[in-house]
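Below, each chain spelled out in residue letters.
Protein chains: 2
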Amino acid sequence: MGLIVQKFGGSSVANTQKLELVTEHIIYEVEKGNKVVVVVSAQGKTTDRLISEEEEITKTPLKREHDVLVSTGEQITIAKLSMLLNEKNYRAVSLTGWQIPIITNSEFSNSRIKYIHNETVEEYLNAGNIVIVAGFQGVDENGNITTFGRGGSDTTAVALAASLKAERCDIYTDVDGVFTTDPRITDKAKKIKTISYEEMLELSSMGAKVLHNRCVEIGKKYNVPIYVKSTFEKISDGTLITNSGNLEDLVINGVTKDDYISRITIVGIENKIGRSYELFKLLAKHNINVDVIVQSFGEHIIKDIAFTVKMNDLDKTLKILDENKEMLNAKEILHCENLSKVSIIGVGIANKPGVAADMFEALYENNINMHMITTSEIKITVLVNSNEADIAVKAIHQKFFDN
Amino acid sequence: MGLIVQKFGGSSVANTQKLELVTEHIIYEVEKGNKVVVVVSAQGKTTDRLISEEEEITKTPLKREHDVLVSTGEQITIAKLSMLLNEKNYRAVSLTGWQIPIITNSEFSNSRIKYIHNETVEEYLNAGNIVIVAGFQGVDENGNITTFGRGGSDTTAVALAASLKAERCDIYTDVDGVFTTDPRITDKAKKIKTISYEEMLELSSMGAKVLHNRCVEIGKKYNVPIYVKSTFEKISDGTLITNSGNLEDLVINGVTKDDYISRITIVGIENKIGRSYELFKLLAKHNINVDVIVQSFGEHIIKDIAFTVKMNDLDKTLKILDENKEMLNAKEILHCENLSKVSIIGVGIANKPGVAADMFEALYENNINMHMITTSEIKITVLVNSNEADIAVKAIHQKFFDN
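If you're matching them up, the sequences are chains R and A in order. According to the numbering used here, the first sequence is numbered sequentially starting from 14. According to the numbering used here, the second sequence is numbered sequentially starting from 14.
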């Protein structure tokens, strides 16, 4: 008999029929004698609807008020799920972020958890209740409602599991685990049985939408085993994310793709200390999210810097660079659109020579040009034309998994 | 420069266009140099929608969870209204019931306010904010969300005005004040400029839907002047409800009608101490809401008791009486359906002879039969057939106001 935290996302709780499925997973653990804490998101398109109503009022809402607005979505779900469990004669009680409370900093819409008070949850659990918690939300030390930004409910679930010292955290979603690549790109995609936190971090930052990085980071820090499972299958063993790493000793654990990327190259910028800093500070000031950065050292006194931004930031970025071209004092500013990042991820990369060569070979065999290459200890990323990205993913996946 | 509490109901905040109108009333008071606290309801049909979604899950929701669910409606409104004011460069901040906090007892869905902490509201006001408060909701001493039941947002507004010692409480609604009778019945209906709390209590308990009794009671107890005004008119002087009573010295202040009434007469019940008590305790136990009660003393040892119940409680009431006829030991149980209560209300009634006679004359002139008569210091009520009720209201109204 242990304590399990379960998390169900927006599509898993979208309507009453789906809430019925959710109760089956909850009741399954309760009947095994476990204490269960359930974290839920807003139902289906609720948050989108609230945001579109907000946009009727203002495009630049006060973030404090935005959080007051959108946090109602999860509050609706917890009330409904608790009612449904009680209707089935399972005692359940709902708790919002402030009722627990989950104390965060005051950065509205993107707040971070400072600490969680366990007492209220534990009292309700010890009194025999299933505790239903609103994901994505907390309260700051001044009593303001805060929300966590993207992936917020996953974060709530893993943070609660860590704070309550739960046996594990089960993240229920609409796929049956983490796959070696997107199953919509190739039907050769395989479910990963076990993956390390580090690999999962790379996978989720690279376009695998299953889990958000923040929750994996918390899992890693507090050593919370995280299971990714399917809401829509009765028995789902899913994927276990844990400290013990890649138990199957695969070289790579996944191939990911991220579309709508553009590359900007600043050619012949002065090679002076602080120059890169000024450039990226300038972009950060305008909220341009720069992703991959590659800096080449050409001659001694000038260099080239290339970086990627999302396509919808491209025009704004070019405009900012143009307005600051005197400061930058560059020879030329080039850009390239409609690119995709394709990456392979695995703890085996660092220790196994030839992984990069294998990847590049797969692309070469398919005549796919690489616009940029970056590597880390557990990841190799290339930029390719978007219209060739799916072929690239398939070819790389075949190279590493079909043998 | 004073402190004003304004309240806007569901139809006044139904959409963004209507919220724009609401901001005009708020800004008008702010520009006059007033501190403003605004209480709002859920937008339009939001609460109805939440309840119909709830009914998909259960017809008998846990009341605690029901309150968690429906309280989101007002939370959505406060966030939107605060955003809209900030968009117009008026500093505003939203507060839910628990953020203030408004402390209530733990009777979910029908809770009563125990006390209100003024500090948070006052701090925000002193810092130059308009404070936007979610009506209808509070929090109990254990941190559970509670709601107030019908008329809850009016109650929040008047209670806040009392607690903050506001200059007055303006209740904005879709009518321009309190009228001498329902303007849909006769176009002769006149707006009442000033009315006493007592008269307003009688009016609102008698079918005038403008204000709920609870908020009038609080206004009376703490001497809060309440203005009922129209949201949809720029300058609306509305109706003032105050302690100073009927300043215009009208004999009566209003004519009201309440439909769907049935009368039950228990004929020849034993005239014994405790017999009436047993009867009405029996009905209360079954949640039958008994309204007017008339008891006649016939012979020494038996009496007749007549009382009214809502039409939709009639069958249930007759069944209960039938099941307990041995205990009641009555000669006969009669009932009469499709009745309406028609009442006149005014502090002048007690001091002015002939008011009842004038009322009955108006009915007599129109051949309208009275099934029951009850009177109080400030009210005379008669029961008439529902199909004659509108004629009765018109005739009585003409008798007292058209001269």
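Hints in this document: simulated from the structure, not taken from any laboratory. Incorrect hints may appear among the rest.
Note that the list lumps identical chains together, so a pair holds whenever it fits in one copy or between two copies.
In silico lysine-lysine, PhoX-like type, Cα no more than 25 Å apart, as pairs [unchecked claim]:
{"no.": "1", "residue 1": "K412", "residue 2": "K323"}
{"no.": "2", "residue 1": "K76", "residue 2": "K233"}
{"no.": "3", "residue 1": "K72", "residue 2": "K101"}
{"no.": "4", "residue 1": "K178", "residue 2": "K101"}
{"no.": "5", "residue 1": "K127", "residue 2": "K316"}
{"no.": "6", "residue 1": "K338", "residue 2": "K127"}
{"no.": "7", "residue 1": "K344", "residue 2": "K332"}
{"no.": "8", "residue 1": "K298", "residue 2": "K45"}
{"no.": "9", "residue 1": "K127", "residue 2": "K201"}
{"no.": "10", "residue 1": "K127", "residue 2": "K203"}
{"no.": "11", "residue 1": "K101", "residue 2": "K76"}
{"no.": "12", "residue 1": "K206", "residue 2": "K316"}
{"no.": "13", "residue 1": "K72", "residue 2": "K31"}
{"no.": "14", "residue 1": "K76", "residue 2": "K31"}
{"no.": "15", "residue 1": "K323", "residue 2": "K338"}
{"no.": "16", "residue 1": "K294", "residue 2": "K233"}
{"no.": "17", "residue 1": "K178", "residue 2": "K407"}
{"no.": "18", "residue 1": "K45", "residue 2": "K329"}
Just so you know, these numbers come straight off a predicted model, no measurement behind them.
So, going through the hints one by one against the coordinates:
1. K412 to K323: Classified as neither; 29 Å inside a copy, 77 Å across copies.
2. K76 to K233: Classified as neither: same-chain Cα gap 30 Å, cross-chain 39 Å, threshold 25 Å.
3. K72 to K101: Cα proximity of K72 and K101: across copies only (13 Å, versus 43 Å in one copy).
4. K178 to K101: neither (28 Å within a copy, 47 Å between copies)
5. K127 to K316: neither (42 Å within a copy, 71 Å between copies)
6. K338 to K127: neither (42 Å within a copy, 65 Å between copies)
7. K344 to K332: Within one copy only: 16 Å inside, 94 Å across.
8. K298 to K45: Result: close neither inside a copy nor across copies, 53 Å intra and 39 Å inter.
9. K127 to K201: This pair counts as neither: shortest intra-copy Cα distance 42 Å, inter-copy 64 Å.
10. K127 to K203: neither (37 Å within a copy, 60 Å between copies)
11. K101 to K76: between (39 Å within a copy, 16 Å between copies)
12. K206 to K316: neither (44 Å within a copy, 81 Å between copies)
13. K72 to K31: The answer is between: 19 Å across copies meets 25 Å, while 33 Å in one copy does not.
14. K76 to K31: between (31 Å within a copy, 23 Å between copies)
15. K323 to K338: Cα proximity of K323 and K338: one copy only (21 Å, versus 80 Å across).
16. K294 to K233: This pair counts as neither: shortest intra-copy Cα distance 30 Å, inter-copy 61 Å.
17. K178 to K407: neither (40 Å within a copy, 71 Å between copies)
18. K45 to K329: neither (55 Å within a copy, 43 Å between copies)
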